[in-house]
Amino acid sequence: DGGITQSPKYLFRKEGQNVTLSCEQNLNHDAMYWYRQDPGQGLRLIYYSQIVNDFQKGDIAEGYSVSREKKESFPLTVTSAQKNPTAFYLCASSTGRRNGNTIYFGEGSWLTVV
Amino acid sequence: KQEVTQIPAALSVPEGENLVLNCSFTDSAIYNLQWFRQDPGKGLTSLLLIQSSQREQTSGRLNASLDKSSGRSTLYIAASQPGDSATYLCAVNSGRGSTLGRLYFGRGTQLTVWP
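If you read the protein sequences in the order shown, they are chains A and B. Anchor point for the first sequence: position 13 equals 13 in the numbering used here, and the numbering is continuous, going up by one each time. Anchor point for the second sequence: position 93 equals 93 in the numbering used here, and the numbering is continuous, going up by one each time.
If we strip away everything but chain A, and leave its shape as in the complex, we get (with noise of 0.2 Å):
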């Protein structure tokens, strides 16, 4: 089935420590995201990617990093520097293209500190 993978569903971080959260799609899309929700929140921008190798910071990518090594693959870092951490991670994709821009989100990351 074509979609969005992200991985693990719920992931557990101990103070200082760095974590990584998957996605990886198999759409074919260029462009990649990632949001955090928090309860009652709206969706907060980390980080995007359009094309392999490049990514551009959103509205709060203090404390988190990214790396768009292949197409398919979109990884995130939340580094002990990100103070507050525990929310809800989505993915998403998209063609990239102006008309038609239909974003697909994965079924999200659960990450609690501990």
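To be clear, the hints were calculated from the coordinates, so they are not data collected in a lab. Please note that a few of the clues may not be correct.
[Stated by the list, open to error] If you only want the chain A side, here are some residues facing chain B, beta carbon under 7 Å, derived:
(1) G42
(2) G106
(3) E107
Glycine residues also receive a C-beta, built at the ideal position from the N, C-alpha and C atoms.
With the hints as your guide, set chain B onto chain A.
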């Protein structure tokens, strides 16, 4: 910066009612607007996408309209069913000085349809 507001924040109705969910945005320079559905603890599912040149889109019992000049969109759900219970999110793809594909989201309307 683009700001998106959704009203109401929550809505509870009996099965069979016709519903209207509202979305407003501050900057009318948009490429398109999308409506999404989110079930608890899940990702988002795209329902309808309206290009900036379009006035409305329909899919089954769903109809979304767009009035770009006034910065408003509505999602109309006909003959609501308990399976429609979810959070509905509106997102605009802003066209003023922003990178293609960057969406701004509202906080959503939490809909409950009871039998």
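>> Hint compliance check: list the failing hint numbers for this structure, sorted ascending.
In response: none
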